[in-house]
Structure formats: structure tokens, C-alpha cells
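**Q** Sequence lines, in order, name chains A and B. If you count the first sequence from 1, you need to add 105 to reach the working numbering. If you count the second sequence from 1, you need to add 325 to reach the working numbering.
FYI, nobody ran anything at the bench for these hints, they're computed from the structure. Any given hint could be a false lead.
What the hints assert, rightly or not - Simulated restraints on C-beta separations:
| # | chain 1 | residue 1 | chain 2 | residue 2 | range |
| --- | --- | --- | --- | --- | --- |
| 1 | A | Glu255 | B | Asn810 | 13 to 23 Å |
| 2 | A | Arg205 | B | Ser789 | 12 to 22 Å |
| 3 | A | Val216 | B | Lys788 | 14 to 24 Å |
As the list claims (entries may be wrong) - Coverage of chain A stretches by chain B, computed from C-beta distances (three or more under 8 Å per stretch; other residues unrestricted):
| # | segment |
| --- | --- |
| 4 | 188 to 196 |
| 5 | 266 to 273 |
Glycine included, each C-beta is placed from N, C-alpha and C at the ideal position.
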Amino acid sequence: MAQRFDEKNEGEIKELEELEIDLLLEGIYRYYGYDFRNYTRPFIRRRIWHRINAEKLNGVLALQEKVLYQPSTMNKLFSDFSIHVTEMFRDPTFFKTFRRKIVPLLKDYPVIRIWHAGCSTGEEVYSMAILLYEEGLYDKTRIYATDLNENFLQIAKEGLLSIDRMKLYTKNYIEAGGTRSFSEYYTCRDKKVTFDSFLGKNIVFAQHNLATDESFNEFHLIICRNVMIYFNKTLQNRVHQLFYESLSPNGFLGLGKKEHIQFTIHNKCYEEIDKDERLYRKKR
Amino acid sequence: MKFNTKLYLGFGSKLFLMLLFMGIVIICLKDLNGSMDFVQKRYEYVKFATMIRNETSNLDRRLVNLVFSETDENSQQMIQSIRESEIRATEAVNNLGEILYIEKVQELHEKLKLLHKEYIYIENEVIRLVQAGKKEEASKLMLSNALITRLQLFETIDEMNKVQEQLMADSFTRFQNTYSLSEKVINMMLIGFLIIGIFIILWIMKSIIRRLEQVTTVITSVDPCNVDHLPRIKVTTKDQIGEIAYAFNNMAQALEVQAQNEKTLKQSMLEKSWLDEKLSEITMIYQGVSELETLVKLFINKITTIVGAEFAVFYIKEDDKNCLKKLVAYADREQEVGSNSIKFGEGLVGQCAIEKRSISLTNVPNNYIKITSGLGYASPNSIILLPVEFEGEVIAVLELASFEDFSAIQRHLLEQVTKNLGTTLNSIKGQMKVKQLLEESQTLTEELQAQSEELMSQQEELKSTNEELEQQYKESEKKTKELKNIKEELEEKAREVALSSQYKSEFLANMSHELRTPLNSLLILASLLSENKENNLTKDQIEFANTIYSSGQDLLELINDILDLSKVESGKMEIYCEKVDLKDIARFSERNFLPLAEKKGLKFNIQFDNDVPDSIYTDKQRLQQILKNLLSNAFKFTGEGRVILHIRYAKKEVYTKYSNLNYTNAILAISVKDTGIGIPKEKQSIIFDAFKQADGTTSRNFGGTGLGLSICREMAHLLGGFIEIESEEGKGSIFTLYLPVYDQSAKEQLFLSGKEVATGYEETYQANESTCEIDYDEKIENEMEERSLEKNVLPQDNKVLIVDDDMRNVFALTTALESNGINTLFAENGKEGINVLMENPDINIVLMDIMMPDMDGYEAIRAIREIPEYDSLPIIALTAKAMKNDRAKCLDVGASDYISKPVNLDKLLSLIQVWMYK
């Protein structure tokens, strides 16, 4: 590898690497249909190199070849690109604030449609289901939980939880203002924790690609937390446009703790419900 | 004459005349008053003179009374009153003397005094005479002396009065004269003063009024509407009026100047308000603009209209470069208006930037630039360049072109506007920078979040890998443990087996011994019987006795073999190493088997290789026994042909093949080769087992116990060697005994190798056993799996403490948990619960009821949490209350979780699993 780069200085190598990554992503998009071209570059670069190292390859080009010719490698790279970090009642204050500020507004709706974009393995979707159940809204609610990665969706559908995190989840549940006992919602058999089936009855899990797919319904609430942090400005704006189109008038939007609507083109289309918890409401 | 001097003079002279007049009046009055004094004295004089006259009269009368009174009764009283009158008269005389100042009168008064004294004397004489009772004398005296004296006295007084009256008349006349004189003088003076006063007043009034009128006329002629030009007063005198006039003139002058100033001021105010208005208009457009270009565009549109320019270009300094870049143009014709980039100092724009001052051009040449419209074009007349500064640095340059010249006010406006613009531009730049930074920071925050998630995810991956590894490790550990257990069990079993085998062997050895004794007797007796020494037995009976004997013999042989085998197996066989001459061995074989060979018609050869040593160290007896066994076998199973005993060194393959035995020495091979029935391949492995022969029928054909080869193999092992078989069915067999050739002092080595062999043997045995063991384990596991399908499998060695005072609940929970394989302990209240907990530190989880007597759940949980080793022990509160507050309270005091009563067992089990998970 060093030999290959002997003739090039560092800047040129960087430039070439960028080009290679562009080509790889373009290739993936053209061949497999997954569009990672507008994911943040540093993230993609790190994941690509992670895969390169794991495959013991010597560069992006080699990975490109392998990815294009071996779908199994593509699957691995795809897994590398889909980060699933989630937990039940992640950022409990978000759920607490949601309960306090948004639930009272939702009570009057005859039907509540929620889109949870980027639901990963579904923990937060079930959290929302529990919350709405406790607030007596769940029966009229339908949650559309989507993610790019179907493997995650499979796990989510089964409602499986890892037992080692249950203590954390119990803590989060309490901090999120749960009004019952968290244990009412799960059953533990043979070290496997599963959600009680009634929680899943109003949840639709489906694959959806925020980078390429379009709106599929009108929603009263869209939750998309810690997804757009992987997107660059262009894709963020696209997704915001998508959400804006998909929200009903006065619909709610919930973002991740570190995400902000301020610098997007839709800045002026929303009013803040809670600044810290990134809860917004679409202006009519 | 000065005005005040005039006034001083006028009023002063009047005052002086008044004082003069008043002085004269006072003098006149004083004169009159002197006359009055005279009258006063005169009055006193009259008063005293009259008093002297009266008192003297009184005195005289009383004296007369005294003298002529008949009785003496009142004399004393009378004397008394006489004395009083006397004193009064004397007093009056004296007083009169004091007020007299005219000489003539004083002389008269002296006379009077003398007369008075004389009279007093007479009087006293009279009184004395009266008292003496000489009344007549007294009366005589009275009538003579007293009368005369009295009359004289009266005369003197009258004389004095006459003088006085004369004086009185004189002074009255004088007074009359003085008074009339005074009257005349006063009247004259009054008239004179009046005339003088009137003159003075007239003079002053006239002079003042005339001058004042002059001034007033000028002042009233002032037109309030026209203060630009005011009339002036001619100053003729230097008095106050002159000063007033002068002051008025000054004031008029000042007013004119003021009016002029006011006019100018008004003009400038108008300009200023226009400026302000325009400035504020321009400032207004800055509001809410956050983009530099938008701002400048708005600005340039505005300013161009305001100053009536037709062309405008705005250059902005590029960051960190001394270079100006065209940002916005007004009435732009695409590229044509203004250059795109200008260096500092380049052209007028650059010059303007360097000099930091505005540059204006008038009468611009015709071909300088064209201002176009749809209809035509023309050149501007005037061009102005203005620097936009911020904190002394030029940050932009504005250039304007107009058909008209720029007026001063327009220039002023431009300068003002550019001044403000500098600050605004800078603040917008700052805002943009802040916005950009914010945006960057947001991006960074998101990036950070992404990274942290990525890390978490990687961590997750690592964790799962780790878990897998741990799982594998655990499994391997478990396997190792199992293996170890199995090994231990096997060892135990082996020991047991060895022990039982030893028991067996010992038993066999003992039994064989015990058997041999009666068998010997039996044999001896049978032998004795068959000899039939007394000849009393039939032939048949002898035959029976022989049969008994031969059977007994067989039995004995068998017993001996068993004894040997059991000895070997129980380790009782002892090895005695000695130097064994191989020729001796050959001779022993020959001696024993040659007769048999001859009898069966077989050839028996003994071959020695040349290199074979003469002797080796080994147990001779055992070696002989092995050979004897092998040879007897060979002869037994060989119908025809030959048997060869071949002594040589082992071939090289043997060394490698059995290298595991670690033979460092040479190996001697002693082969017994026959041409007998042979042993089929599949049977070759079993022939060494005890009581086994190649064919179940063999023993019937060939006899023998089937123990021989077993014994041989054991013995070969004991000697550090082994036996190998090569055989082909129907063609014969070769049994080869391999023996290591030890040195002289090989006794120990031999012993050791013997041991090793024994161990090896044991291991094989165990290996066979372990297969069974594993099968057994698998079976258990299967069973367990089956069970797990039915019920929740909870972690091993779990212990749950139930603290509840409701026995039904305790019973229900205990039963349910126990049936799920959970060990339970229970306590009736908090205190007891803590005690139980202290006694059983291995408790994994506590189920704590809240409402209990003695010490309730809250207190108990709090107390448990205070014990350091239990601060993370899972405690699940059982609460019958559904209120959120109660749950919060549970958690506040330190419960890990809560579950509502009545408890759903499934949920409870799930909960327990979650909290027991480590």
C-alpha cells in the first residue's frame, strides 16, 4: 500500500480516497439501490475503513470490488452503515416531556398516526406504545415504525429485548414518568425477554429508506431521533422536506437530543414546543 | 452733568435747606423755653414766700392762743403744733434761699433769715415763759417783741416780692420780643426754601424726561417681525441714559446676529433632519437582514435613489486579503459596470481603500462610463468613491456615479451612511460568522453524536463478541470441568474397579490357594486310589480314579493360571531381575518341548542371531513362563509342520512403532513361529483377553484354560516389553516377545517401565469407561432440556427472600417459586427480613411487602440499603397500592423495582429473571 502511494503526497491521497469513496457509494447505489451518498462523509469513511480492516483489504478500491462482486460483503458493509444504538425510553426526559406537553394535545384526536422513522430494533417504538397505553391513547393509535435495515425490523417485530439491559430500561421507564410497573409489559423466559403481544398490535414495522423513498401517509406525529446525525445537509433537508410533507397541520415532530431544526430550510415552518427535548409543532 | 450727580445735587440742597430751617426753629424754641424756666422759678418763689408768711402767721396765732389760753390742758398740744409750724417755716425759708439767684433778693433773704431766727428765738422764749407760768411776761413779750419782729418779717417778704415782680415784668417783655422775631424769621425762610425747591425739581424733571423720550422713540420704532435690521439710538451723553442707548444698540446688534444665527441653524436643522430621516430610512432597511449580499443590495438601491445617483458599485474586502471584490452593483450591465476584483491601491477604488477617504471626480470625461436606459445612454458628470470603515480598517468601498454634482449634504449623507454601514456590515459579518460557527458546531455536535453512537454500536459489537467468547470460554470451562469431573469420577471408578479387581484377584488368589489345598488332597487320594495298592478295585474303578486325578490336575492347572493372572492384575506378582543366559533359556525350551515335538511329529528349531548378546537382565522365571506358554500354545495348535523359537534384535520399525514406550535401549525379539491353524485378523485382538480363545470351540478341541496369553501379555508388560502377533488363518502364527535389553543395573528402570505400563493400562481402561460416562451426562442434559421446555429455567443457586406477613401470600409465592426451582426463605416482617438477610449473604433477590407490622417495607428497604454489601441487592417491592406516589416512594427508599399485588406469577418470574441476571 505504501508503495502505491509513494508518488502521491498526503493531500492527493486524501483526494483520491474521497474519489474512491464516491465511486464505491455510487456503485452501491447503482447496483444495490442503497443510497449512502449523502451520509456524512467522516462517518462513512470510518465505517468503510472499519470494513476494510475487518476484511483485511488494502483500500477502498479493493473493498469496492469485493462489495460489488460478493453480496455477502455488501451485507456486512450495510450492517456497518446501519448503526443501531437504542434503548427503551432513551433520554427519559424526552418521553417525560412528551407525556407532559404533547399527550394532552393528542387526547382530542380521534385517530393518532405516528411515524417513527429509523426505529432500529424497535425499543423506542415500544416505549412510545407503552407511554400511549398508559395515557389511554394506544387504542386509537397506529405507529408506523420504519428503518432501512430489515434485520433490525425483524428483531423489532419479535419484540425481543436483551435481558442484560432490562435494569437500565426499568430505570429509564421510571425516569420517563411511567405510571405502572415496567414488568407489566414483558415476559422473561429462558433469559429471553419479550414484550407482551398487546403492545405490538398497533405497530406496523416496515422498511423505508429516508434517502430515497417518499412520504406514505399523513401523520400527527413524526419521531426521528438520532438518525439525521448520519446525514449531510442535503439529505437532512430532503428528510425534513419529507417530514414536512408528511405531517398534518399542527403535527408534531420529535428529533434527537443533539439534533436541531435551526439550520435547515424548514426552520421557520415549526414552532418550538420544547427546546431542550427538540419537540416541534408544524405551523399551520 | 451726570444724571446721578444731578439727582444728588437737587435732593441734597433740598435736604440742606430743610436742616437749616429746622435748626433756626429749634433755636427759637430754645429761647422760648428759657423764658418758661424763669416763670417756673418765679412760681416756686411765690409758693415759698406765701408759705413763710402763712406759717409765721399760724405760729403767731398759736402763740397767742398759748399765751392767752386759760387752761393749761392744751398747752402741750399747742406747743407741739407750734413746733411743727416752726419747722415748716424754717424749711420754707431755707428753700427760698436755694432758688434765689438775684443778688438784691439774696440780700433781702439774708435779712429775712435773721428776722426769722429772731422770731424763733422770741417764740422759744414765749414758750419757756408759758411753761414757767409766766404768762404775763409772755404776753408782754408777745405784744412787744414778737409783733415787731413779725411785722418786720412781713415787710421783708413784701420787699422781696416787689423785686421779684419787677423781674417778672422784665422777662415777660423779653419773651414777647423773642417770639415775634422767631415768627418772622421762620416765615421768610419757608417761602425762600419753597421757591428754591421748586426750581430744583423743575430742572431735574426737564432734563430727565427729555432724554428718556429720545430713547423711547427709538425703542418703540423697533419692528418685531424684522429683527434683521434694527434702529440705533444716537448716543450724545455719557450718562445713564447714554448707557441705556448704548446698551440698546448693543442689544439690537446682538439680536441681529442672533436672528442670523437662527436662520443658519434652522437651515442646518432642516438639513440635519433630512440627513437623520434618510439615515434612519437606511438604517431601517438593515433590520432583519442577516445576509451580507442582501443587505448591500438593499443598501445600494436605497442610497442610489436618495442621492440621485444613476450608477453604483459596492466592493467588499475579501477576508485576510488586501483585495476588493465586487459584491453588488446598481444599474449593472452584467460584467460591464466596475471591475470584479481590485487590489488595494489599484485604481481609484484601491486608492480610496488605502487612503481611507472619499474621492470625488467632477466633469468626468465623456467616454468614462455610460449610463444606459432603454432609450439611450449618457455619461455621468460626477463620480464619488467612499471607503466603508470599521475600527479604522477599510472593509468596503462604495462608488457612485451621477449626472448631477453631489451636493454637500449628499456627500455628508454618504459619509454618514458609509460610517454606519461599516458597523452594520461588521455586525452582519459577525452574525454570519456566528451563524456559520453555530452551524458548524451543530454539525460537529451531530457528528459527535454519530460518533458516540457508532462507538456505542461498536462497543455493542465488541460486547457481543466478548460475550460469545465468554460464552465459549464458559462452555469450554464447563466442558473442562465436566471432563475433570468425569476424569475424577473415572479415576474413582477406576480405583473402585482396580480395588474390586484387586479384591477379585485377591479373592481369586486366596480362593485358588484354598482350592488347591483340598484339591491336592483330592489329587493325592485319587492317585493313591488309582495305584490300587490293595488290588481291591475294579478296572472301571481305577479308570474313575484316573479320571478324577486328570480332571483334578486340569483343575489345578487352571487354578494356578488364575492365580498367576490375579497376581499380575492385583500387582502382587513380583519381578526379580537377574542375569539370564539366553542359552539357558534355549536349553530350557528344548528340554521342555522337544519331547512333545517328537511325540506330535513336529520339528522344533531354536535359532540364535549372531549379534544377540549372551545374556540379558530380566526375570528368568517369568521369561521362562512366557516362553513356555507361547511354545505350548504353538505346539497345541500345530498339527503338522514346525515350531521355531527365534532369538534376535528387533527390526527398526519396531523402535519407531513403539517409540512412545521410549525405549532407549536395544530391543530383543523372541519369536515363536508355528505352522498351526493361525488366528483370523478380527480375532487377533481378543486372544489376549482372559478366558477367550479365537474360537469358542477351540477349547473343546484343544483344551487349555484360555488364560495363557493373558498371563503372557501381563508378564511381558511387567518385564517392560510386549507381545505382538502376526498370523494368517490356516498358515500359522508368529508370537513375538519384545524385551528391552537393560544394562546391568537396570533393575530400577525395569521397575519403572513396569509402572508406566501399568499406568498406560489404566488409562486405556478409563478411556473406555469415559464413553459410558459421557452418554450418561448427555442423557441428563436431555432431561434437563425437556424440563426447560415446560418451565422457566432460573439460574442455579438462586435464593429468594420473601418478606411478607400475609401467610397465604408467602405460601403461594413459596410454592410457585419452589416449583420453578428457586430456593426461598421467608421472613414475617422487616426486622426479621434483615436478620435473615444477614444470616444468608447468598440471597440473590428480596421480595419485600410494604405493609407489615413492626418494621414496614419502606423502613426495611432503607435499612438494607444502608448496609454496604447490600447496596445493589435487587429488592422488589410488593405493593397492594396502585397509586403512583406509593411506587415512587418505594423507589425513593431504594427498591430496585416494584410489582403490584396480587402478584401475577408469570410477571414475577420474569422480573426475578431480569433482576437475577448477572
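**Q** All the hints need checking, so say for each whether the structure fits it.
**A** Here is what the structure says about each hint:
At about 45 Å, the beta-carbon gap between A:Glu255 and B:Asn810 misses the expected band of 13 to 23 Å. For A:Arg205 and B:Ser789, the hinted distance range of 12 to 22 Å is not satisfied, since their beta carbons lie about 36 Å from each other. Here the CB-CB span from A:Val216 to B:Lys788 is close to 41 Å, at odds with the stated 14 to 24 Å. Interface restraint, the segment 188 to 196 of chain A with chain B: holds (3 residues with C-beta to C-beta distance below 8 Å; minimum three).
Only when three residues or more bring their CB closer than 8 Å to a CB of chain B does the claim for the segment 266 to 273 of chain A stand; here the count is 4, and the claim holds.
Hints 1, 2 and 3 from the earlier list are contradicted by this structure; the remaining hints agree with it.
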